[in-house]
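S.K.: Following the hints, complete the assembly by docking chain B onto the known chain A.
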Amino acid sequence: MPDVAIAPRAPFVALSALWLVLTGTLCNLRCTHCLNASGPAEPWLAPLDAAVARRALAEAEALGVREVYFTGGEPFLHREILPLVEASLSMAATTVLTNGTVMTDALADALARLAHGSRYSLEIRLSLDAADAEANDRVRGRGTWERATRTLRLLDARGLLPIVTATEIAEGAATYDRFRALLSALGIAKPRVKILPVFPVGRAVGAPGVRLTDADLEGFDRSTLPCAETRVVGADGVYACPILAGLPGARLSDGALAAALGPAALYHAACVTCHRTGATCRNA
Amino acid sequence: MPERVSEHRRIAVLGGVYANAEALAAVLADARRRDAEAVFCLGDLGGFGAHPDRVFPLLRQHGVRVVRGNYDEAVAAAAADCHCGYTDPRDNHYARISYVYTVAHTSAANRAWLATLPGHQRIALGPHRVLMCHGSPRRINEFLWESTTPDGLLRRLLAEHAADVLLCTHTGLKWSRALSGGAAHAVNVGAVGRPENEGTPDVWYALLTATPELEVEFVSVAYDHEAAARAVEAEGLPPEFAETLRSGWWTTCLENLPARERARGRF
Chain A
1 MPDVAIAPRA PFVALSALWL VLTGTLCNLR CTHCLNASGP AEPWLAPLDA
51 AVARRALAEA EALGVREVYF TGGEPFLHRE ILPLVEASLS MAATTVLTNG
101 TVMTDALADA LARLAHGSRY SLEIRLSLDA ADAEANDRVR GRGTWERATR
151 TLRLLDARGL LPIVTATEIA EGAATYDRFR ALLSALGIAK PRVKILPVFP
201 VGRAVGAPGV RLTDADLEGF DRSTLPCAET RVVGADGVYA CPILAGLPGA
251 RLSDGALAAA LGPAALYHAA CVTCHRTGAT CRNA
Chain B
285 MPERVSEHRR IAVLGGVYAN AEALAAVLAD ARRRDAEAVF CLGDLGGFGA
335 HPDRVFPLLR QHGVRVVRGN YDEAVAAAAA DCHCGYTDPR DNHYARISYV
385 YTVAHTSAAN RAWLATLPGH QRIALGPHRV LMCHGSPRRI NEFLWESTTP
435 DGLLRRLLAE HAADVLLCTH TGLKWSRALS GGAAHAVNVG AVGRPENEGT
485 PDVWYALLTA TPELEVEFVS VAYDHEAAAR AVEAEGLPPE FAETLRSGWW
535 TTCLENLPAR ERARGRF
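As you go down the protein sequences, you meet chains A and B in turn. In this text, residue positions in the first sequence follow this note's numbering: the first is 1, and each later residue adds one. In this text, residue positions in the second sequence follow this note's numbering: the first is 285, and each later residue adds one.
This is chain A alone, in the form it adopts within the complex (with noise of 0.2 Å):
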């Protein structure tokens, strides 16, 4: 592991957003690239406990934070999750990332109703790979094309306007342009895309890379990037990175979030991506 003491820090400024990895690193899925290796054996990171989770929420509140993010592994596999959900969109703008491979309608039809009767907005975001069935079944998995686009349909049919998240895997620039004309292909009146980079972490981990040293944010405003204004909740303590939740080196605390508003280290190579490319976590 790369030496987190000697790391440059990135400030802590405001607790903008809030994440909760939600079921941990256990999904349905095993995605060949996955940021933060998750799949349907024993999560090596632990679903959280329903409990942890409203302690979080009611802890952001006080602190002022602006929205609420639900990920994992696939938040919708918690059992808890509608009552989580309409907890935190109680109090804000919430937002939960998903396969879409395990939405149903009465599923969707309950969203909806969560959404409609709230004043903040409710946002779920659909992770696809490619904007083709052949290439995103090839890492996602055979048949979560079908499933996944099914999704985008019902959640858009009940005015819930999915975003679509991909990665610049394969298509480069033109990844953006791909995914807006197959949602429009699919009926979706107001296509909404969000591209991110790809990160060296999890699955798609490479060989050991470059690191961020002080020298290479010399004039750089350190509380532009993400860590800055994000908290992550996790089973086994609170992170800065949602990426980078459940790795040791980027534990901030192992218990409240008022114990994790110092600086974040900057020492993953992920940490290079975020820098390079001004990528953020959030939905815009």
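The hints are simulated quantities; they were obtained by calculation from the structure and are not laboratory data. We put the CB at the ideal spot given by N, CA and C, even for glycine.
What the simulated footprint calls covered on chain A by chain B, stretch by stretch (three residues with Cβ under 8 Å from a Cβ of chain B suffice, anywhere in the stretch; the number is not a length):
#1 63-76
#2 87-98
#3 118-129
Negatives, chain B to chain A, calculated, CB over 12 Å:
#4 391
#5 413
#6 486
#7 500
#8 505
M.R.: For chain B alone, kept in the frame of chain A given last:
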């Protein structure tokens, strides 16, 4: 030195002007008719519209007190981009066209004036301590949308900045919220340079009155939007900009809208 805080009973507050001189003139005339004692503008004088330089004499002539917006900051410094805070490629495409045009059509004297604008403004409105800013008190280009701005965040921002009333713009969509049982308020005043994404070309501004309770009234103003749209076309700016002025529906720079706000528009 302590900040000078002027005292008022009834004020008009305008959001982004976006180089729409036709709309600004109509709004200023309307505010005068409605007995606003003072007029404040929360910044972003350029963007989208055809005649950035025509906005400045109107503001001076009416004694409008202007807070610096991200666009003003960027244009003053001839920065690489508008500092709008967009992350979507389509939003950035149109923002870039608009920004390059605005910088090229804003005189050196007006750019120098933009550099002098304050980042925020404090006034007393009756008993209310009012803080005006562009995006949020903590960041000039923070988008305070109605559906993504929690009460908890607003209460915290007001407490941290010792204010009872927060006024902002940047999103282009208006909203108002009473907090703490009416003891505090947050108001996004919307924009005067671009319609509200509700299918009418009229634009909106806010009138705030201390009775002494705070009363917030949003006022819609019809103006010669056809002239503004024709000017956009004559300058060779994207037809989408003119379409928005005519139809009242946003056609560009809307990928960053949260789900709730996006659902209300046509596109």
